[in-house]
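K.L.:
These are the residues of each chain, in order.
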Amino acid sequence: MKTAKAIRVILTVAVVIVFLVLLWEGYKWMGQKTDDHWPGTNFGLPIATNDTIMPHFVDVITELNADIRDGRSTMPMYAFLLKKAWFTFQEAAIGFILGLTIGMSLAILMSRWKVSERGLLPWINVSQTIPLIALAPVVVTWGRNQGLSDLISISLISTYLTFFPVAVSGLRGLQSPDSAHVELMHSYAASWRTTLFKLRLPAARPFLFPALKLAGSLSIVGAIVGEISIGRKTGLGRAILEYALRYAIFPERLYASVIGAAFLGLLVFGMINLAERYFMRRTREVAS
Amino acid sequence: MNEKSAISINSVDKVFNEAREDEVIALSNIDLDIKEGEFVSLIGPSGCGKSTLLRLIGDLLEPTKGSVEVFGKSAHQARVDQDYGMVFQHAGLFDWRRVSANIELPLELHGWSKADRSTRSQEMLDLVKLPDFGSYYPRQLSGGMQQRVSIARALSFKPKLLLMDEPFGALDEMTREHMQIELLRIWEETGTTVVFVTHSIPESAFLSNRVVVLSPRPGQVHSVIDVDLGKRSESTRQDSNFFAAATEIREALRAVEEQE
Chain A
39 MKTAKAIRVI LTVAVVIVFL VLLWEGYKWM GQKTDDHWPG TNFGLPIATN DTIMPHFVDV
99 ITELNADIRD GRSTMPMYAF LLKKAWFTFQ EAAIGFILGL TIGMSLAILM SRWKVSERGL
159 LPWINVSQTI PLIALAPVVV TWGRNQGLSD LISISLISTY LTFFPVAVSG LRGLQSPDSA
219 HVELMHSYAA SWRTTLFKLR LPAARPFLFP ALKLAGSLSI VGAIVGEISI GRKTGLGRAI
279 LEYALRYAIF PERLYASVIG AAFLGLLVFG MINLAERYFM RRTREVAS
Chain B
4 MNEKSAISIN SVDKVFNEAR EDEVIALSNI DLDIKEGEFV SLIGPSGCGK STLLRLIGDL
64 LEPTKGSVEV FGKSAHQARV DQDYGMVFQH AGLFDWRRVS ANIELPLELH GWSKADRSTR
124 SQEMLDLVKL PDFGSYYPRQ LSGGMQQRVS IARALSFKPK LLLMDEPFGA LDEMTREHMQ
184 IELLRIWEET GTTVVFVTHS IPESAFLSNR VVVLSPRPGQ VHSVIDVDLG KRSESTRQDS
244 NFFAAATEIR EALRAVEEQE
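Read top to bottom, the protein sequences are chains A and B. Position in the first sequence counted from 1, then plus 38, gives you this note's numbering. Position in the second sequence counted from 1, then plus 3, gives you this note's numbering.
Isolated chain A (complex conformation) (with noise of 0.2 Å):
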């Protein structure tokens, strides 16, 4: 059953692959056909389908074996990405730990006392207008004062978008209880912590986890676009700005660092779904 079910996962994300790659080649190809323009019309395409605008997709796969010079040493693409990805993921990791504790924090208040749900849930909705970019340099600027490395400065940018779905979803999940199990734990005499314990945060899990996987993948732009932002010299969001600098030259390298993002993405999406199955795992058989 449960080997049966991978291989249809696996042989899902192929056909969708598979799929989305000749939708490339074919836009491609009719549009080097037909000079950008849709077929028997005057219509230009939307995107031009020029080796540099749209490499092909093989390209774009063998450039990540093409050698690059990073700093003094040599070393092939994908080797390249992936020391720039750990990088990255090393901010998003400590991004989410600290958005989630946070948020978590933020949650568990504000559902043990109304007064601090009227009090923090606007500011935490309000918090999440201030644009990212503009915050940023803020936030480094105030980190480089403390004395704080640039790691961390990043980590507290991606955290400020890692908190909000856990704290608005975290409540939601502690809330979630109807009257009758929590007269029951009062029936019990049972402490706040116990009935947190025993009650609220089970019950969060369902809501808690969506959250967090939004939450993964926010951690992941949080931390790009705060090495884009505040300019630190590594990690894939410097990557990417160098590549999209040089897009003329190496269209293709752009392409393979955005590749990488998305498997960073995918990666941190994967081992919260993992955690996911591991806190679920009693809910999990009952739903089968």
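Because the hints were derived from the structure by calculation, they are not lab data. Since the structure is predicted, the reported quantities are computational estimates derived from the model, not experimental observations. Hints are not guaranteed to be accurate.
Below, a list of computed lysine to any residue pairs in the SDA-like style, where the Cα atoms sit at most 20 Å apart [claimed, not checked]:
no., chain 1, residue 1, chain 2, residue 2
1, B, 117, A, 235
2, A, 236, B, 100
3, B, 76, A, 235
Here the structure of chain A is known, so what remains is to put chain B in place on it, guided by the hints.
P.N.:
Below, chain B without anything else, positioned relative to chain A:
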């Protein structure tokens, strides 16, 4: 049944949202005594405060005026001492716990050892006639079975009092009648005092020693009807005494409606 008092309610008022525009007088001047080992039903039209009264006994709500004593102490102390178990209309089991772990929840909170807990939960599963379902998850059971687990959970720490808030209200008629027989058997085996909220006339007549009829807005005790059917069985449902008791309750409820 002995003559010791289990619950003593003295001139209790319960007002929600006191001194506000949406003030509701839920209960007014309630006096009620329930003896140990008694099975007492609270019945009345919706809004008569029968669930509120049950929650006052369980110290899930506090009276605005008057006092509630349970086993000679304050309702609060009785809750802290875990003198009662509670069963709600919806079983209220925790989905993520196996049936046995659900029954063991109160024991866990009271710091029982794992071995003692599992011995007791098996005893309780036998009592509610679900001996082989300990390792199931609640959602794998029918509504009636879930409600039995919920009764097992309420009785697991052997409380002297069982508070039941329309426990069979969500069950179909056949399951419901079956559960009533089961509840009476458990009541006889354990000697527990039961306070049972219902809006079913036959149910209250079939189960109780006494039926307390409440009238709404504000909730007041309209009348208390003694029911003596001896030892009940399925054939009791065809018994003329049973019909007489049901009729008496029905007439009291009609009188309550006409009052309005």
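K.L.:
Is residue 76 (chain B) within 20 Å of residue 235 (chain A), Cα to Cα?
P.N.:
violated, 30 Å
K.L.:
Given the hinted pair residue 236 (chain A) and residue 100 (chain B), is their alpha-carbon gap at most 20 Å?
P.N.:
holds, 10 Å
K.L.:
Would the hint linking residue 117 (chain B) and residue 235 (chain A) be met if the CA-CA limit is 20 Å?
P.N.:
Distance of about 18 Å is within 20 Å: holds.
Consistency note: the structure conflicts with earlier hint 3 alone.
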